[in-house]
Structure formats: structure tokens, C-alpha cells
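Novice: Quick mapping for you: the protein sequence lines, in order, are chains A and B. Okay, so the first sequence: first residue is 139 according to the working numbering, each after it adds one. Okay, so the second sequence: first residue is 69 according to the working numbering, each after it adds one.
Since the hints were derived computationally from the structure, they do not count as laboratory data. The beta-carbon is built from N, C-alpha and C at its ideal position, and this holds for glycine as well. Be aware that a few hints might be false.
What the hints assert, rightly or not - Below, in silico cross-link-like pairs of lysine to aspartate or glutamate (DMTMM-like), each with a Cα-Cα straight-line distance of 20 Å or less:
id, chain 1, residue 1, chain 2, residue 2
1, A, Lys239, A, Asp229
2, A, Lys239, B, Asp202
3, A, Lys469, A, Asp429
4, A, Lys239, B, Glu191
5, A, Lys487, A, Glu313
6, A, Lys239, A, Asp251
As the list claims (entries may be wrong) - Chain A stretches covered by chain B per the calculated footprint, using a threshold of three residues with CB under 8 Å from any CB of chain B:
id, segment
7, 278-288
8, 383-394
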Amino acid sequence: MSIRARFQIERGTFRLSVDLDLPGSGMSSIFGPSGCGKTSLLRAMAGLDRYDDGQFLVNGSCWQDGDFFLPPHRRSLGYVFQEPSLFEHLDVRGNILYGQKRADPEGRRIALDDAVALLELGGLMERAPSTLSGGERQRVAIARALAVNPRLLLMDEPLSAVDVSRKQEILPYIESLHRELVIPVIHVSHLPGEVAQVADHVVLLGQDGVEASGDVHDLFTRLDLSLAHESRASSLVEARVAGTEAEFGLVRLEFEGGQFLVTQGGLRAGRRVRLRVLARDVSLTLERQADTSILNIIETTVQELQAEDEARVLVRLLAGATPLLASITRKSAHDLALEPGQRVFAQVKSVALLA
Amino acid sequence: MIAEADLLALGLTLKLALVSTIVLLALGTPLAWWLARTRWRYKFIPEALVALPLVLPPTVLGFYLLLALSPDGPIGRLSQALGGHSLAFTFTGLVIGSVVYSLPFVVQPLQDAFASVGRRPLEVAATLRASPWDRFFTIAVPLARPGFLTATVLGFAHTLGEFGVVLMIGGNIPGQTRVASIAIYDRVEGLQYAQAHGLAAALLAISFVLLVSVYAFNRQHRIVRL
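Make a model of the complete structure from these sequences and hints.
Specialist: Encoded structure:
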């Protein structure tokens with residue numbers, strides 16, 4: 139099961155050539171700065187724009203190859219545009235049913251009721267689009283795209299038309315789509331925080347085309363890529379709620395390579411969570427510190443170092459199979475004589491729960 | 069107050085306006101859709117052609133139509149070849165003249181309405197499995213509804229008021245080509261002001277009611293542009 143996308147996109151003087159293999163399930167995020175062609179790539183995938191000599195194969199169905207080109211209305215896809223673009227002449231129900239009436243009759247992969255429930259639209263079904271808030275409109279647009287029972291969901295910066303306070307309203311829905319849907323999702327974003335929260339696979343797009351394509355944990359911590367050099371550079375850790383230390387009001391999260399104690403209450407045991415650890419919240423010691431207030435100390439191996447600037451060094455660590463980033467001073471790296479292969483202890487000051 | 073002959077003329081006028089409006093919508097809708105969507109660099113040429121009746125004296129338009137419809141003209145020959153007769157001085161000829169004369173009043177509001185719908189709703193519909201025809205009828209037409217209302221009423225009202233074209237190609241045959249505007253002219257020529265008043269007031273009232281309804285429903289739309 140996989141998705142293969144090869145396109146030569148040309149618009150005026152703009153050129154983008156991509157040749158990608160994406161996983162056939164889970165959420166792939168196409169990440170890059172504005173103007174690098176993310177939306178053009180997504181539109182090419184949907185068949186909204188046609189470029190000669192492209193190839194697009196989705197889990198065994200061919201949507202474009204050589205001279206063969208399936209028009210968008212014949213493709214089993216859902217598309218969420220940047221702006222909700224609801225049909226103003228139909229109410230919420232009419233919008234959602236528009237696609238459902240025309241959907242593949244064969245085996246539903248998503249029950250409409252589930253989509254409506256997942257996006258909490260039950261109370262809005264009779265409303266006119268013009269009476270909805272920005273966040274509500276985008277949720278309707280997502281439900282409408284899901285109602286066509288697609289084999290692939292494409293989302294073009296679904297949060298960009300929504301104001302900051304509403305982003306946190308919608309992001310959890312997108313995150314739950316990713317957990318509860320069986321279909322692959324390709325999502326476009328220019329916000330590292332959004333990608334960190336939802337992506338399994340990342341395609342890093344730069345001004346000169348595809349810079350990297352791979353697992354989100356790997357790409358966020360690769361020192362040769364830009365993501366590791368953002369001011370909020372961080373590593374992502376998949377963990378499981380393993381238990382509590384109720385006496386101290388702490389929750390124990392286990393991951394491949396160690397465990398974290400966090401103060402987050404109300405987490406059900408066994409639940410899978412994604413954690414974000416900022417590189418600047420990680421400090422390094424050669425011996426395990428005993429007399430420290432820091433709870434989370436992880437044994438790691440130094441994999442790679444790279445100077446950020448005159449004063450700072452970025453260190454990529456491996457805790458078991460999990461990569462971690464630490465941003466420390468060049469002086470510390472020098473004093474500790476850090477080098478690849480060395481065993482060090484990562485002291486993690488804080489851990490953010492993403493989902 | 070209105071003589072029977074004038075009632076006949078008024079009835080014919082309404083029939084002409086109705087038939088012409090139906091033909092105008094049937095021809096104007098695809099033309100407006102194409103003009104609103106095409107990226108053809110020379111689309112200003114058909115746009116200018118459509119707008120021509122706005123500036124031409126109706127007599128000029130009528131003169132050329134008369135030549136075209138006459139037994140030796142291209143449309144006249146065509147209709148004779150198809151087993152008909154020359155279309156000059158017939159009701160069908162009047163419909164052809166009215167359609168040409170009122171074309172901008174139908175095409176322009178529709179073109180504006182289709183353009184303001186934009187590409188996005190149609191793209192959304194395409195991703196929701198709607199074929200091109202399906203998208204046109206379920207998305208473009210309902211969203212362009214104000215444009216259809218304007219086009220229908222303007223096409224109808226403008227046909228009611230035509231005079232010059234009718235005079236050139238229709239003549240003055242009662243029950244066939246003698247429409248209200250011609251009848252009024254005749255009454256005034258014959259100094260029958262009272263009868264002229266009756267017809268004129270009827271046309272004025274009908275046109276005013278029609279336009280009031282358009283402006284009331286479509287406050288934000290420009291009616292017609294040159």
C-alpha cells in the first residue's frame with residue numbers, strides 16, 4: 139500500500155519537479171515556506187490542474203499516468219481547501235449531502251454519522267453557511283470532504299483561514315481524523331507546530347523542490363535539514379501512558395528508549411500520546427545526576443553534532459530508537475568533549491503533550 | 069379606454085417579449101458562461117459584438133437585419149432552403165431582431181453573475197464527484213440566480229420597448245408585427261392622443277414594475293455596462 143506522485147509543475151516562471159513515494163496510510167504533511175508550490179502539488183494530485191507526463195498512483199488505483207488522466211470528479215478523493223468554500227445556497231446538511239449523494243456506492247470507509255459526530259456538527263445541520271463561525275465552516279468543509287467516502291483525503295492548510303484561537307478548536311479534530319480514519323491523508327502546512335502535531339510522514343519542500351521525505355521523528359531531528367534549526371526545534375516522541383505516581387500527581391509515559399514523568403492529569407492508562415521536547419529544554423551530563431530537581435533523565439548516545447552559530451551547538455541523540463535533540467553551548471560541548479558514539483544523559487526540563 | 073386594435077398590439081408585444089426572452093436565455097446562458105470562463109486573449113471581440121446594440125441606432129441594426137432576412141439575404145435564403153419563406157415582415161423575423169437587439173441586456177448580467185461565482189465553488193463540486201454538467205446546474209446556476217433574474221427582466225422589458233428595429237424589419241401588420249410601440253406612433257401620427265395615452269401608460273407601468281422588482285431584489289448588482 140503506497141502512494142506514488144511524480145509531477146513536473148510549471149506555472150509561468152515557477153517550476154517544481156517532484157518524485158515521491160508516500161505511505162499508503164496515515165498522515166503525510168507537505169511542509170514548506172509560502173510560494174514553494176505546496177498548493178500546486180496538492181492541486182496536481184487532485185487533478186484540479188493538469189500537468190503533462192505526471193504519474194499519480196494511490197494504493198493500487200491509477201489516477202494519472204502518461205496520457206491517462208482521470209478528471210477530478212472521477213477520483214475517489216476528498217479535498218479540503220484553504221478557505222472553507224461552502225456552497226452558500228445550501229445549508230450545512232445540503233453541503234455535506236452534496237458529495238455523499240454522488241459518492242462511491244461501494245463499501246463505506248467512513249460512516250457519515252461518524253464524520254458528523256467526530257466534527258461535532260449535529261447541532262449545525264440546518265444552519266446557513268453565512269451564520270457559522272470560521273472554525274465551524276472549516277469543520278463542515280472537512281465533513282463534506284469525508285462524506286464522499288474517499289480513498290484519499292487532501293487538506294490544503296485547513297487552518298490558515300481560521301484565526302489563532304480557532305486553530306486549537308480544529309486541530310484536535312484533524313488529529314482525531316488521523317487516528318480514527320483508515321484512509322491516507324495528505325496535508326499541506328507551513329507551520330512546524332501543526333506538522334509536529336498531526337504528521338506521520340513529512341515531505342520537506344524548499345525553494346528548489348523536495349529537500350527530504352521521511353518519517354516525522356527522523357525529519358524533525360535531522361541536523362542537515364531546516365526543521366532542526368528553527369527557533370523551536372524539537373524532537374517528537376511517541377509514548378504510551380504506562381501508569382501514575384498518584385502520590386505525587388504524576389503520570390508515567392513510556393517510550394522506546396525510556397520514560398517521562400509528567401504532571402498532566404486525566405490521561406487514561408494505555409493511551410498513545412505524542413510528546414514534543416524542545417531542543418533548548420534538554421541539557422546533557424556525562425554522569426546521571428542524583429541531586430537534581432529534574433525528574434526526566436534519559437540515557438542516550440550522541441549521534442551527531444553541528445554548530446548552530448558561534449556560541450551554540452545542536453546535538454542529535456538516540457535514546458533507544460528514539461532521536462532527541464539538545465541545544466547546548468559550544469563551550470559545554472567542548473568542556474564535555476562530546477563526540478559521536480559517546481554515552482550521555484539527557485536532562486529534560488519540560489515535555490509538551492501534543493495529543 | 070384602450071381600443072381593441074391597441075389591445076391586440078399590446079398582446080402581441082407581450083408575446084414577442086416572452087418568446088424573445090426564452091430564446092435570449094437559451095442562447096445567452098452558454099455565451100455568457102463561455103465569456104465568463106474563457107482565457108482566450110481575444111474574448112474582448114465577442115464582448116464588443118454583444119455590446120454593439122447598446123450604441124448602434126436601432127435603425128442601423130434593423131436595416132442590416134432587413135437585408136439579412138429578405139429573400140435574397142443569407143437568413144432569408146436559409147429559411148427558404150428549409151422550406152419556409154422570407155422572414156422579413158413576420159413574427160419570427162421580429163423575434164430574431166429582438167434577440168439581437170436585447171442580447172447585451174441578457175448576456176452581460178449573466179456573465180457578471182457567472183464571473184462572481186468564481187472557479188472555487190465549481191472546483192469544490194468537482195472534488196465532490198460532480199461532473200461538469202452537474203456542476204453547472206447544481207452550483208453555477210443557483211449561485212448566479214440574481215444574474216438570471218436581472219437578465220430575464222431586462223431582456224423582457226427591453227424587448228417591450230423596441231421600436232426602430234421593429235419598424236425596419238416588421239412593418240405594421242396588425243396581429244403579426246404591429247407591436248405597442250408602433251401602435252403608439254401611429255396614434256400620435258393620427259393625432260389620436262387619448263388612445264396613445266392608454267397604450268403608453270400601459271407600457272410605462274409594465275416596464276416600471278419590472279425594473280422596480282429587479283432593483284429591489286438585486287440592489288448590489290450593476291444592471292448593464294457598456
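Novice: Does each hint hold? Answer for all of them.
Specialist: Now for the hints, and whether the structure bears them out:
no., hint, result
1, A/Lys239 - A/Asp229, "15 Å, holds"
2, A/Lys239 - B/Asp202, "12 Å, holds"
3, A/Lys469 - A/Asp429, "23 Å, violated"
4, A/Lys239 - B/Glu191, "17 Å, holds"
5, A/Lys487 - A/Glu313, "26 Å, violated"
6, A/Lys239 - A/Asp251, "14 Å, holds"
7, 278-288, "holds (count 3)"
8, 383-394, "violated (count 0)"
Checked against the numbered hints given earlier, the structure breaks hints 3, 5 and 8 and satisfies all the rest.
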